[in-house]
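S.K.: 111 is the number that UniProt numbering gives to position 111 of the sequence shown; each next residue is one higher, with no gaps.
No lab work stands behind these hints, which were simulated from the structure alone. A few of these clues could be false.
Beta-carbon label-pair distances, calculated as ranges [to be verified]:
| no. | residue 1 | residue 2 | range |
| --- | --- | --- | --- |
| 1 | D111 | G21 | 16 to 24 Å |
| 2 | R65 | E174 | 20 to 28 Å |
| 3 | H62 | N186 | 25 to 33 Å |
| 4 | T26 | N186 | 47 to 55 Å |
Capping the alpha-carbon separation at 20 Å, the derived lysine to any residue pairs in SDA-like fashion look like this [unchecked claim]:
| no. | residue 1 | residue 2 |
| --- | --- | --- |
| 5 | K181 | V140 |
| 6 | K125 | H62 |
| 7 | K125 | L75 |
| 8 | K125 | E71 |
We put the beta carbon where it would ideally sit given N, CA and C, even for glycine.
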Amino acid sequence: MHEDLQSRLIQSALILFEENGFKNTTVNSIVIHSGSSKGGFYHHFKSKDELLYRIHESFINHVNRLVDELEQKDLPPAEKLDYILTHFIFVYDHYKAHITVFNDENKYLADEYKTEIVASRRKFKSAIETIIIEGQAADVFTKDIHPTVITMSILGMVNWMYTWYKPDGRKSLEDIAEEMKIFVFNALRSHS
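All chains, full assembly: derive it from the sequences and hints.
M.R.: What follows is the structure, given as structure tokens:
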């Protein structure tokens with residue numbers, strides 16, 4: 001029951017934050033939309049800020065679990081990058097609303113949560129950069145581009161999907177993933 005209410009509150013917040021923005025959505029409107037009570041809300045979240053943080057946490061934890069899974073696999077750099085790119089892009093299959101709301105509304109997040117978010121995002125960024133460095137050391141990826149530039153380009157490309165990806169659009173997520181991987185791997189091809 002508690003998880004069900006918490007999920008309803010998050011889903012209502014996602015809808016209302018997308019429609020009205022974080023600043024213009026009240027706890028009361030989330031409560032009414034979810035069919036809950038203020039007591040129910042405050043049982044799960046100490047504030048609207050914590051709710052926004054939890055929205056971010058749900059998708060970044062998912063992405064970081066991918067990193068943990070990848071660390072258990074003994075794969076060459078190109079296969080690691082393929083794995084992480086595919087799974088990173090497919091985060092949009094389940095978390096598009098979370099990503100959209102967070103990216104549009106994170107400027108309102110309390111400082112106490114920003115530190116945790118930076119740390120959790122750093123883990124994912126570091127995993128990608130490590131794969132790039134491994135690939136460059138193995139002469140699989142070009143050394144003409146700094147690993148940080150490559151990493152930030154990949155993150156920017158995929159993170160920006162929230163502005164244009166439509167689940168019912170012309171291209172399926174599978175098509176987009178394949179085309180993005182072709183783009184990335186062509187750019188990374190070693191010329192030695």
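S.K.: How does the Cβ-Cβ distance of R65 and E174 compare with 20 to 28 Å: does it lie in that range?
M.R.: Hint holds: Cβ distance 21 Å, inside 20 to 28 Å.
S.K.: Confirm or reject the claim that H62 and N186 have a C-beta distance inside 25 to 33 Å.
M.R.: Hint holds: Cβ distance 28 Å, inside 25 to 33 Å.
S.K.: Range hint 16 to 24 Å: satisfied by the CB atoms of D111 and G21?
M.R.: Cβ of D111 to Cβ of G21: about 20 Å, so the range 16 to 24 Å holds.
S.K.: Between the alpha carbons of K125 and L75, is the straight-line distance 20 Å or under?
M.R.: Distance of about 19 Å is within 20 Å: holds.
S.K.: With the threshold set at 20 Å, check whether the alpha-carbon distance from K125 to H62 stays at or below it.
M.R.: Distance ~14 Å between K125 and H62 Cα, so the pair holds.
S.K.: Please verify whether K181 and V140 have alpha carbons no more than 20 Å apart.
M.R.: At roughly 15 Å apart (the allowed maximum being 20 Å), V140 and K181 satisfy the hint.
S.K.: Is 47 to 55 Å right for how far apart the beta carbons of T26 and N186 are?
M.R.: Between T26 and N186, where Cβ atoms are some 48 Å apart, the hint holds.
S.K.: K125 and E71: Cα distance at most 20 Å?
M.R.: holds, 14 Å
In this structure, none of the earlier numbered hints is contradicted; all agree with it.
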